[in-house]
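Chains as they are written, first to last, in numbering that gives the first Met the number 0: chain A, 0 to 650; chain B, 0 to 408; chain C, 0 to 427.
Since the hints were made in silico from the structure, they are not lab data.
In this text, all values refer to a predicted model and were calculated from it rather than measured experimentally.
A hint or two may mislead.
[Said to hold, decoys possible] Using C-beta positions, here's what the derived DEER-type ranges look like:
1. C:S305 / B:S138: 30 to 40 Å
2. B:S138 / A:E327: 45 to 55 Å
3. A:V409 / B:D380: 52 to 62 Å
4. B:R258 / A:G240: 55 to 65 Å
All C-beta atoms in this analysis are idealised placements derived from N, C-alpha and C, irrespective of residue type, glycine included.
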Amino acid sequence: MCRALILLIISALVGLAAPRADAQSGTLQDILQTHAGEVADPGRRTVGPLMEDLAGSGLPGVARFLERWSDKQVVRNTGDGLFYYGTEDGDGYALADIATDEPAGRAAADAIEEIRPNGGVRRVIAGALVQFQLSDPDRAARVAALDAIARRPAADQLEPLRASIPDEPDPALRARKDRLANLLTARFGADTETRIAAIERLSDAIDLETRAGLSQILSAERGVAVNLPADANVARVLEIGSDLSEADAYSQLVEADLAPPPVTNAGIREALAGAMAGGRVGGVPRADLSDPAARTRAYAALAEAGTVPPLVTPEDRAVAVADHVFYELYNEPDPAVTDAASAALAEVEARVGRHQVLDLGLDAISLASIYFLAAIGLAITFGVMGVINMAHGEFIMIGAYTAYVVQTIVPNYTLSLVVALPLAFAVAFGAGVALERLVIRHLYHRPLETLLATFGISIALQQLAKNIFGTQARPLTAPGWLDGAWVLNDVVAISNIRIAIFALALVFLAVLLLILKRTRLGLEVRAVTQNPGMAGSMGIDPGRINMLTFGLGSGIAGVAGVAIGLYAQVTSEMGANYIVQSFMTVVVGGVGNVWGTLAGATLIGGLQKGIEWFNPSNTLAAQTYMILFIILFIQIRPKGIVALKGRAAGD
Amino acid sequence: MIRSLVRDTPSIPWFLGILAAFCLGVTLLSEATGTGALSTSFVKTLGKTLCLCLVAIAMDVVWGYCGILSLGHMAFFGLGGYAIGMWLMYARTEIIVAESLASATIPPTPQEVEDAIATQIFGVVGSNEFPWLWAFADSFVLQLAMVVLVPGLLALVFGWLAFRSRVTGVYLSILTQAMTLALSLYLFQNDSGLRGNNGLSGLQNLPGLGAVPQSVVSITFFWASALALAAGYLLFAWVVSGKMGSVIRGIRDDEARVRFLGYHVEGFKLFVFTLTAIVAGLAGALYYPQAGIINPAEIAPIASIYLAVWVAIGGRGRLYGAAIGAAFVSLLSSWFTGGGAPDIDLGIYEIRWTDWWLVLLGLSFVLVTLYAPKGIGGLVDLIAERRAPRRTGDVGPDAGALRKTEAAE
Amino acid sequence: MTTRLTLTAAVALIAGAAPALAQETACPIKVGVLHSLSGTMAISETTLKDTVLMLVEQQNEAGGLLGCDIEAVVVDPASDWPLFAEKARELLTVHEVDVIFGNWTSVSRKSVLPVIEELNGLLFYPVQYEGEESSKNVFYTGAAPNQQAIPAVDYYLEELGIEKFALLGTDYVYPRTTNNILEQYLKDNGIAEEDIFVNYTPFGHSDWSTIVADVQELAADGSLVGVVSTINGDANVGFYKELAASGIDAADIPVVAFSVGEEELSGFDTANLEGHLAAWNYFMSADTPENAEFIATWHEFIGDESRVTNDPMEAHYIGFNMWANAVEAAGTTDVDAVRDAMYGQEFPNLTGGTAVMNANHHLSKPVLIGEIRADGQFDIISQTEEVPGDAWTDYLPDSAVLVSDWQELGCGMYNTETETCVQIESNY
């Protein structure tokens, strides 16, 4: 029954264009040949007649042709000038007939011209395909049709869309169809009551499509007049000063030919230069004209004589602006509809605002967990052991490159990640132990020298990475199940990879706390860091403990490197980008305490997002202000947020 | 006073003598005043190296003598360069603008002249107004004062905040590094008022001296740099000698003890920090007209770390050590990266020094820290010890730095 | 031999530059290569150094120039801006090269400018740049904004019908100036100021979620949103990853990039980028015999079939060949004579058509727009006629009145309103 209805509608649509189609003779190929240039090199604005003819022809192959045309599978054989479906096949193309999709032989590559409609044309094609796809058995095709409607809602889509709803098997798609139909009704409905009813049903939404629809109902244009137009649907009257600056208002007047254009400084100069005679202009000698007051005088003299338009003084401007009213008019003539829409939109916007704060909060948590991951290894080596390791960032880099190498060997992304995580830990652990044994061990009592020596290591490692992997960023691809995002609605969403990083940060926090508080190793670590001499006399080998602790911190940095590489880029400088921030995180949070690092990361991540919120167009400024804040913060709380008390605080 | 200065710092006559001989040699070999064996670009390199030696000496005083490992002194150096660069750009552009506006029918108003200069300077970053930073750029004297005041004030405020709250050791180092990072990030912004990443360029063309060839300019700046280095050496030799020098070294070795002895430790530290920052600013003001361009990358944290590297390799706690280190490492660095060093073919792999120089530098830095804390300057000690054994004891930082070891054992 | 003599005589007569004949050219002719071989820019610039070496080798095989062999002098400015000036001086005074091919990034060019102008050298700059400059001693073979940015935005407006623009860039002078020009251009084309979102991020930025969300938010009123990206280098990786993670594909919000070419794509995972756009004057996928030959020669020279070619390489290819032809025409390598012979030089593009050197030291080149394919190459979906490069943009009020014409006016910054030459030497 419903299917019959659709057929009826389609044939009605066909019928509308029928007179044109009659002029064409027969086959799909014929229509294409009539518009050959437009098929081969289509443009968004010029493709219209071709689309009309195709829709009007009612031929069975049109939908298939449109789909393949959009997918760049249509080719032209320069030999016979005909269009085919072509697939690349060795050094030539396998051709298929445009109407029947039957094989039609082969052609050499140089005889084939590939046809590539651009994004704008593909959008038009998608729009034309809607009527074919709304009830397509393939779910993907129906989704594509709905996407096309959402992107470009039009009045004529409403009926086919409504007709397709009862037959829709997929509940999710059916809900979306309902919503879109409602939206289309709100915009293009027949009478005021249906439209207002539809608009009221929209007010509990938050998605982009609804907001777009409501905004479009409310689209308004600016105007200016002596009196407010009586019969128009006025959106609002603009106040000079708060809504509109006087200068803008005046230029609007000039544009509407309601006031004379102001004379610019350049205009004055030109006028004076033009009227210069015998070294004087307007009675003022040339040499005096470097004084602005003299210029105004000379120009006033010229204006008096009527050779130039008079100067528009600020007073003139104020009077002209005050004499007019500036307003915005809705394009929609019905005030009842616009009132309902603005009420609905206000409700939606308020909800969007709340969700945006939530979204920013999620971003801040995500950034904080990245900072935490980058800094947590440092929380052990610097925070617990007191070793300044400037090469810490390079352990992050080592971890990321390890994962990259694993990925080039193991092609399965999930498997390679499973291999890479422990391997990155192992490699960075090894590098950390080597660094501790070879260098840091000798410098435990010379912290400033440790800083410099590890910096030497850092320079060398970075350059080494450049020599091995090149300076260009290397791709580290996340497995498919980490692609995409967790979407609450169109406002609040966070990518899966960031959720995974957050989870990883939590795991690290737990593991680290467990090791430090609940294991023998943790006990020994704390003993050695508090008093190595005493710990040594209790039978603990401080050398071994230091080595293991440092290795643990470095290994964790390696795993962090894998995570950071997955969401950003793997370069030789990736570690260096985090090192100063990581030290900040540890210092702000409070040295010697894993919880402190967590607090530091949260503060810094939240702060950075907060500053970005106020100044979204300049991310660099946000970083600068954040560092300034940290410098000042350390003035107030030199020991950080979570300061150790008592003997553990040391000196 | 001179006699006591020389007695406290016996290296002064040696250093000044060698410097004078070096200058004389370069003058005789340069293109403008001598045989032309040294190209103008090499004279510029040498002149710049002398400026680096000056800032390295300043770094040595603040680190090697006072124990503050500042990772921010190249920021002061860069600020000095920016301060002088602003005047150079403004004055040069003013001449160009005046020439082009002179032929106009209507004589320009002062405002128009200023706007034209602003358009010329900031057109490249899409602006045509002077930011407030450039308020004094039209005056050479005021801008020269900025060379001293800006780094000095920044150091004073930063130092006062840091020392007041007793931030010491590695914390202070990280804090100074953060300051440098913040400054360079700020300058990287296009609307910082200092032309963002493009920085200030064309600084080698001195306003009004367009007719003077660069060969003359280069040797003049070379001499100016040499004089500044000599003056800086004397100044710092005076600072680290006598009673004040003892207090400063005392702070390095044990700050708490000096404080308990009744000295105002923060005051001394602040004095040293600010004074060295000012000298760094002056060195920068001499350096950048020779380099020709300054941009925020010059202020990045890595630059200050290299400064520490030079001082450490040259030998801390002796002024000449820092100068040797700066000259040696920076010249060697440009020799290696300039492709001067022959590549080594190992058969299976060819070692190209442009690629491997940084690895070598990094590792040699570790080795120096571990095994030769006295740096290259230590070699001078060996010779001096043989000729006249010292009886006053070592006042270098290394013995002091070992105190913790002694305390622990 | 005789043909060359008549040729030079003819040119000398036309140009009225008889003294040029008197000069003897010293063999070998030296070509300076000023590209960073170490440091951050090495990855891009090393390729260009190899390109120049390949072109020199080709020219020598074809018999050299004026009967002389060409010798390439390679120096390494190590991505260090002051060092660029130092090395340029070394090339011109110590090695006495006749021409320099080099630089990448505006700041390096600005560093070299005073030296080149002081010593009257000749520089060919092969990379797209922001314009607003014209030096007597530099030929700009890369794209000016009207040869890349403006046509790309035209494509957005005309072909895709974009109504709102997000101009995202790395915070340095090229994106800043380009975006200033584009903002003005868009306003002139009726796009309201509040429909243009501009954002700058530092080099190597990785935290893109908020910015991508802001771009998405632009679409909230139902407008079609397009991103114009002048994001540089590595930061692109994170940006495209975040776009993909947010479920935005090229059909929803297309991105046209001015700094992402074949070389950059070889470091990306292109799955996320398919369908997004880039605007250049050259794509490796261009289907012409010249391009096929160029790619074959390049692969043979570099000994690696997987190496890609890109836009700045074509710029050097055109620049070098034009210079060689100009030297032949002038009969000398003297900078002033070669400069005069450069005006009006023609050479076939690798993408079809002919490049012409204009009197403002910029080329006329076609503008191509490509869609990124899964294999890291581009589908060329739009190719314009040759567009003459414009040193001073017409879309900023301060620059609109300026023109550059070294041939007739002898001035690189000529104010057409006051009819005066603002300056002959550049103000860097």
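For each hint, the structure was consulted:
1. C:S305 / B:S138: 30 to 40 Å: Violated - the Cβ-Cβ distance for S305 of chain C and S138 of chain B, about 59 Å, lies outside 30 to 40 Å.
2. B:S138 / A:E327: 45 to 55 Å: holds (50 Å)
3. A:V409 / B:D380: 52 to 62 Å: Holds, since V409 of chain A and D380 of chain B (Cβ atoms, about 56 Å apart) stay within the stated range.
4. B:R258 / A:G240: 55 to 65 Å: Distance hint for R258 of chain B, G240 of chain A holds at roughly 60 Å.
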